[in-house]
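Chemist: Sequence:
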Amino acid sequence: MTLNVGPQHPATHGVLRMKMLLDGERIVDAEPIIGYLHRGSERLGEMGTYLQFIPYTDRMDYLAAIHNNMAFVHACEKLADLDVPPRANVLRVLAQEINRVASHLIWMGTFGIDIGAMTTFFWCFRDRERALRLLERMTGTRLTYSYMRFGGVKHDVDEDWIQDTREWVDQVREGIQELDDLLTENDIFVARTKGTGVVSTEQAIDYGMTGPNLRATGKAFDLRKEEPYASYETYDFDVPTSDEGDVFARYACRMAEIEESLGIVEQACDRWADAEGNHLSREVGEGSSQFRWSPPEGEAYGRIESPRGELGCLVVSDGSNQPYRVKMRAHSFSNLSAISELARGELIQDAIITLGSLDIVLGDIDR
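Residue numbers (this note's numbering): 92 to 458.
No lab work stands behind these hints, which were simulated from the structure alone.
Source: prediction; values computed, not measured.
There's no promise every hint is true.
Said to hold, decoys possible - Label-pair ranges, simulated between beta-carbon atoms:
(1) Asp249 / Ser291: 26 to 36 Å
(2) Gly207 / Gln294: 44 to 54 Å
(3) Arg416 / Leu113: 41 to 51 Å
(4) Thr275 / Tyr392: 30 to 40 Å
(5) Glu250 / Gly436: 54 to 64 Å
(6) Asp251 / Met138: 38 to 48 Å
Said to hold, decoys possible - In silico EDC-like pairs for lysine to aspartate or glutamate, Cα to Cα no more than 20 Å straight-line:
(7) Lys169 / Glu390
(8) Lys310 / Glu432
(9) Lys285 / Glu437
All residues carry an ideal CB built from backbone N, CA and C; glycine is no exception.
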């Protein structure tokens, strides 16, 4: 039997269509069909200035918009060989890690609904709301930030913001402990997630999976360690992994990553007051200087570690203040490509939690 799921279905986490071939209650094949949210974002990147493309990046992976900003700006800075002041890097790390925690929390909350655990939704959204308030004070908006600038960030924070961020870290730690107590040894949660949606390290690499989905197979690959940017090499943190490669392993990796991100936020808060330089490079400046700025002729690929894995951006410049070509390497696209492998042989009721465990964003896939 062939079963159609979506594209307008709450469990597909966006406008995704899944075409499933069933043998009784077992899945023989699951084909993802995408394209319902295509907006031509990469083409729009070639029709304006470099600065004008930053707001478009927000709207790709809109749950981790800071990281979209960072990938594009990082590629442009590599192309221009542009140095970033230490203070700006501290602010970039703070923004990215708070956004990473917020992204993992919304995944945890919505995944709880997929599996029938409504309590996790409310607990996660409570702590995510606090994160969004911090980001709103930092950037001026709650979801689509446009905070990154070439050579730095839009503006600095103050001591009150740093103190409130420290308090938020403590609050999230308490919330994560509550979630751990509720889920990690819960018989129903464990029965639904352990041994479900299994993928090996070799299969994950073949499909181009990255982020927690890859690390849940035992591969400790994190671009903040492997190819550091924004001075991540100066921070002390671990790369959590699991060996099982199933839904539970992906959950465990994200839970552990929240704790590591909170530790990075604390370190960045400690560095903020004494960090040298300004929030922007004097080489570029701000205001109209950002609007007119352009890298030299050539091309560069910048990649960063977003909450969903490797987010890459290829920028080709012809020397003008408009990109000749912009190409995004979407992590959700690669992670979703493995769904046929993960779902094959599973019960149909487990297809939704297997899909949910990948943490995809359709705006990132379709662009």
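Chemist: List, from low to high, the hint numbers that the structure doesn't satisfy.
Modeler: 1, 2
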